[in-house]
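As a plain string of letters, each chain reads:
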Amino acid sequence: AQSVTQLDSQVPVFEEAPVELRCNYSSSVSVYLFWYVQYPNQGLQLLLKYLSGSTLVKGINGFEAEFNKSQTSFHLRKPSVHISDTAEYFCAVTAMFSGGYNKLIFGAGTRLAVHP
Amino acid sequence: NAGVTQTPKFRVLKTGQSMTLLCAQDMNHEYMYWYRQDPGMGLRLIHYSVGEGTTAKGEVPDGYNVSRLKKQNFLLGLESAAPSQTSVYFCASSYSAGIQPQHFGDGTRLSIL
Chain A
3 AQSVTQLDSQ VPVFEEAPVE LRCNYSSSVS VYLFWYVQYP NQGLQLLLKY
53 LSGSTLVKGI NGFEAEFNKS QTSFHLRKPS VHISDTAEYF CAVTAMFSGG
103 YNKLIFGAGT RLAVHP
Chain B
3 NAGVTQTPKF RVLKTGQSMT LLCAQDMNHE YMYWYRQDPG MGLRLIHYSV
53 GEGTTAKGEV PDGYNVSRLK KQNFLLGLES AAPSQTSVYF CASSYSAGIQ
103 PQHFGDGTRL SIL
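Protein chains in written order, with the numbering used here: chain A, 3 to 118; chain B, 3 to 115.
Please note that a few of the clues may not be correct.
In silico DMTMM-like cross-links for lysine to aspartate or glutamate, where the CA-CA straight-line distance does not exceed 25 angstroms [said to hold, decoys possible]:
1. A:Lys-51 with B:Asp-28
2. A:Lys-51 with B:Asp-108
3. A:Lys-51 with B:Glu-32
4. B:Lys-11 with A:Glu-90
5. A:Lys-71 with B:Asp-108
6. B:Lys-16 with B:Asp-28
7. B:Lys-11 with B:Glu-81
8. A:Lys-71 with A:Glu-18
9. A:Lys-51 with B:Glu-81
Simulated from the structure, these hints should not be mistaken for laboratory data.
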């Protein structure tokens, strides 16, 4: 069964510093990978997705992620964070559910706190 | 540009009461989903629907029922609320499953006393 592990529950960082949010997945088949962001009191918004092709994926708000098949990882990075990046970030992988339908499996989330 | 709209946004119930959460989407999406979000557990799928008139169980379906009588609406019901159902509930929709991203509503905060 597919699963997603986000290695850090909280990541504090100073403004303009680089950040990496780590995500590992387990799957024996081809996967599609996603990062979502959740701002306070809001729903989830798609940051970026990996479906195929280039392993370096660029998303919105200056974020990017690298798909590493050998390490089964999909870490999210940003070279310089802003206060407005403070949010919770979720990594997700598609999984084949009973009945043949794909669905998303979410990690537990990483809370990014950007300090001035 | 509404996207996915959830009502109500907040609700407090007493144990044993019933209620229905409404999700509406205006993107003509086939797939709709109900999740619950609890601290440290990410989002867990309660039920989902692959089209009008169809529903299926997700990871944590016990204590919930759903209906999809119209393509744009997906209702989540709690017949007899329990404190363990205190959570934030999110509805999402997508054009198809798998590679298509899901679009989320802003959530319903539900407290069961």
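Task: Hint numbers not upheld by this structure, sorted from lowest to highest - done: 5, 6, 8 and 9
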